[in-house]
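Chemist: The whole structure should be built from the sequences, with the hints applied where relevant.
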Amino acid sequence: MSTLSQTFANLAGRPGRTFLTALGTALGIATIVALLAVVGAVRHSAGELVNLGPSELGLFQADAADPTTSILSTGLIARLDRTPGIAGATPLSLLIGELPKEPGSIVFGAGPGGFLTGGLVYSSGRALRSGLEIVLGDTLARQLHLATGQSLTIGHRRLRVVGIYHNGIAYQDAGAFVPLATAQAITGRPGETTTIVVKLSPATHPATMRRTIAKDFPGITIISDAQQANRAGVSGQLISQFGLVIVVLALVIGGIGVANTMLMAVIERRSEFALLSAVGFSGPQIAGRVLVESTLTTIIGAAIGLLFGVIGAQLLVDVLGARTFVSPQVTAWDLGRGLLVGVLLGVLGGLYPAWRAAHVSPARVLAQQ
Amino acid sequence: MVKTNYGTVGAAVTVEHVSRAYGDAVVLDDVSFAVEPGELVALTGPSGSGKTTLLQIIGSLDRPTRGRVWVDGVSVGELARPAEFRRSAVGFVFQLHYLLSALTAQENVELPLVAAHVPRRERTERALALLEGVGLSGRARSRPSELSGGERQRVAIARALAGNPRLILADEPTGALDSTASQKVWELLSDACATRGATVIVASHDLTLVEHADRALNLFDGRMVPPPQKQPASEGIA
Numbered sequence: 121m122s123t124l125s126q127t128f129a130n131l132a133g134r135p136g137r138t139f140l141t142a143l144g145t146a147l148g149i150a151t152i153v154a155l156l157a158v159v160g161a162v163r164h165s166a167g168e169l170v171n172l173g174p175s176e177l178g179l180f181q182a183d184a185a186d187p188t189t190s191i192l193s194t195g196l197i198a199r200l201d202r203t204p205g206i207a208g209a210t211p212l213s214l215l216i217g218e219l220p221k222e223p224g225s226i227v228f229g230a231g232p233g234g235f236l237t238g239g240l241v242y243s244s245g246r247a248l249r250s251g252l253e254i255v256l257g258d259t260l261a262r263q264l265h266l267a268t269g270q271s272l273t274i275g276h277r278r279l280r281v282v283g284i285y286h287n288g289i290a291y292q293d294a295g296a297f298v299p300l301a302t303a304q305a306i307t308g309r310p311g312e313t314t315t316i317v318v319k320l321s322p323a324t325h326p327a328t329m330r331r332t333i334a335k336d337f338p339g340i341t342i343i344s345d346a347q348q349a350n351r352a353g354v355s356g357q358l359i360s361q362f363g364l365v366i367v368v369l370a371l372v373i374g375g376i377g378v379a380n381t382m383l384m385a386v387i388e389r390r391s392e393f394a395l396l397s398a399v400g401f402s403g404p405q406i407a408g409r410v411l412v413e414s415t416l417t418t419i420i421g422a423a424i425g426l427l428f429g430v431i432g433a434q435l436l437v438d439v440l441g442a443r444t445f446v447s448p449q450v451t452a453w454d455l456g457r458g459l460l461v462g463v464l465l466g467v468l469g470g471l472y473p474a475w476r477a478a479h480v481s482p483a484r485v486l487a488q489q
Numbered sequence: 008m009v010k011t012n013y014g015t016v017g018a019a020v021t022v023e024h025v026s027r028a029y030g031d032a033v034v035l036d037d038v039s040f041a042v043e044p045g046e047l048v049a050l051t052g053p054s055g056s057g058k059t060t061l062l063q064i065i066g067s068l069d070r071p072t073r074g075r076v077w078v079d080g081v082s083v084g085e086l087a088r089p090a091e092f093r094r095s096a097v098g099f100v101f102q103l104h105y106l107l108s109a110l111t112a113q114e115n116v117e118l119p120l121v122a123a124h125v126p127r128r129e130r131t132e133r134a135l136a137l138l139e140g141v142g143l144s145g146r147a148r149s150r151p152s153e154l155s156g157g158e159r160q161r162v163a164i165a166r167a168l169a170g171n172p173r174l175i176l177a178d179e180p181t182g183a184l185d186s187t188a189s190q191k192v193w194e195l196l197s198d199a200c201a202t203r204g205a206t207v208i209v210a211s212h213d214l215t216l217v218e219h220a221d222r223a224l225n226l227f228d229g230r231m232v233p234p235p236q237k238q239p240a241s242e243g244i245a
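The listed protein sequences derive, respectively, from chains L and D. Quick note: the first sequence, position 200, residue 320 per our numbering, numbers continuous. Quick note: the second sequence, position 104, residue 111 per our numbering, numbers continuous.
Hints were generated in silico from the structure; no laboratory data involved. Accuracy of the hints is not assured; some may be wrong.
What the hints assert, rightly or not - A short list of chain D residues far from chain L (calculated; beta carbon distances all over 10 Å):
(1) Arg-75
(2) Asp-79
(3) Ser-95
(4) Ala-136
(5) Leu-154
(6) Phe-227
Said to hold, decoys possible - Here are the in silico distance ranges between beta carbons for each label pair:
(7) L:Gly-133 / D:Asp-185: 26 to 34 Å
(8) D:Glu-91 / L:Trp-453: 39 to 47 Å
(9) L:Gly-133 / D:Ser-144: 18 to 26 Å
(10) L:Val-463 / D:Gly-142: 39 to 47 Å
(11) D:Asp-198 / L:Gly-133: 31 to 39 Å
Note that this is a predicted model, so its numbers are computed, not measured. Even for Gly, the Cβ is constructed at its ideal location relative to N, Cα and C.
Modeler: As structure tokens, then:
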């Protein structure tokens, strides 16, 4: 009979308490895994909202809370076009939450002749030409049951669907494009855009151009990939911190929960610990048994929680109505973190109960019995 | 006996001017005696006379307010590692058996050996031999809930003997048993003295049990008083 086998015997001997403790841990771990998966996916998606090619830079307002809330003057485009090394600059407005039936879908406002819309491949209809037109991604078209020739109302404007496209970028296929002027009219911000995408000349090195733009266009943040997009906005940083806060909160709340349960168990089993002390178990030996028990309980809970978390991540995205552009990805690292949190919960939550168990006075307890 | 700084010469247990008070309540008051190796001593007295406290002090579960206790020349109150002392030198038997309900009889007997890090195979062999010794060889896999009161107490005695202790302290071991089971318990404790050479101190408020002991010590209100007269050996339980 090892400490581990006796611990298993103890846990099996009190199935109700073991189940509830493990369940509490499982729910905590499931929440962590689900939220981490969703946060990771949200960060990923936020960074990809402006899909940049290898020789393209995205310009955003420097102090914007999030890249999607950036506001730039379209007047900058002419100046950028004149800058040596820049092959072209085109505005891109982001309209988020403008489609009531699909609030997660994004409507992009782009110049009809710009290089951003030039990459769209139409499975039916044609490209944008005039103001009251819209082209839909094939995913959105399916979701809204719309086809070329039908109409869609956005911001009290009735727009005619003139084309259905597919370009392989999930959030663009789940979104739509309208002319920039239409987007500006919908937002009530004529002459403004969310971002300006700059295409570099073949011989221009992106790092050199970044320095040039930073010097000549103060107040602008330049990004060249998705990760930079995340770092560029306060929201991106907040999302990054969010995961950490969740883990810390789970540790604190879960730790208190486990500590409370284990403390109750120690009080309930004072005579057992007194007996162990009487037959020669030292304080550290008794404390170790309590710690092993609490850790084992939370590991069992964590294992269940990881399973719940994977399922819960998808459910969470569905509940948030964000499945069109957020695809939760539970990585091995997320699972590892969940398990690590489980072990930490067991150890941290078991520390004080273990100390109490190690200090049970056998003389007092056995005499009271 | 000759008293020294290490207890009484030749004594297994020396209790010297031991007092124990909890606040104003004096439980033991200047108690002194010595017990020879292999002796079976009955510690008698009514409930509340201080028997349990005295056994706990001898077994290092408690410390005296005043006075000293030596077990085989070791000053119990000054032990740096009392748990080590308990696992190697002392075996406890309580009125309530204190068997762990989640464990089998064999696993309960193994507990002091687990504390002493005895290898698994040796633990199993010793536990099974001890259970056989107390007449429970067929109940090794039984849990406490599946045993009678007398059987549980016999498992507790086997557990007390597991570490081969020089001293066995039994606190009202027959208090919750019927006469048949009580007789068996006394036989086992007597056997521990006779065959293992262990010193046994048994606390009991039942004066009729004094006849099983080599000697009786009597406590009353925390003080040693003259023991009840021992019955003729022919009237005792064999």
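Chemist: Checking the smallest CB distance to chain L, is Asp-79 (chain D) really beyond 10 Å?
Modeler: 16 Å, holds
Chemist: Take a quick look at Ser-95 (chain D) and tell me if its Cβ sits farther than 10 Å from every Cβ on chain L, holds or violated.
Modeler: 7 Å, violated
Chemist: Within 39 to 47 Å: is that where the Cβ-Cβ distance between Val-463 (chain L) and Gly-142 (chain D) falls?
Modeler: 45 Å, holds
Chemist: Lying within 31 to 39 Å: is that true of the beta-carbon distance Asp-198 (chain D) to Gly-133 (chain L)?
Modeler: 33 Å, holds
Chemist: State, for the Cβ atoms of Gly-133 (chain L) and Asp-185 (chain D), whether the hinted interval 26 to 34 Å holds or is violated.
Modeler: Hint holds: Cβ distance 28 Å, inside 26 to 34 Å.
Chemist: Check the non-interface label on Phe-227 (chain D): least C-beta distance to chain L beyond 10 Å or not.
Modeler: Nearest chain L Cβ is 19 Å from Phe-227 (chain D), so the label holds.
Chemist: Is the Cβ of Leu-154 (chain D) farther than 10 Å from every Cβ of chain L?
Modeler: 16 Å, holds
Chemist: For Glu-91 (chain D) and Trp-453 (chain L), compare the CB-CB distance with the range 39 to 47 Å and indicate the outcome.
Modeler: 45 Å, holds
Chemist: Is the nearest CB of chain L more than 10 Å from the CB of Ala-136 (chain D)?
Modeler: Holds, because the least Cβ-Cβ distance between Ala-136 (chain D) and chain L comes to about 16 Å, which exceeds 10 Å.
Chemist: Using the Cβ atoms, figure out if Gly-133 (chain L) sits within 18 to 26 Å of Ser-144 (chain D).
Modeler: Check passed, 24 Å falls within 18 to 26 Å.
Chemist: Can we trust that Arg-75 (chain D) is non-interface, i.e. its beta-carbon lies farther than 10 Å from all of chain L?
Modeler: 17 Å, holds
Of the numbered hints stated above, the single one contradicted by the structure is hint 3.
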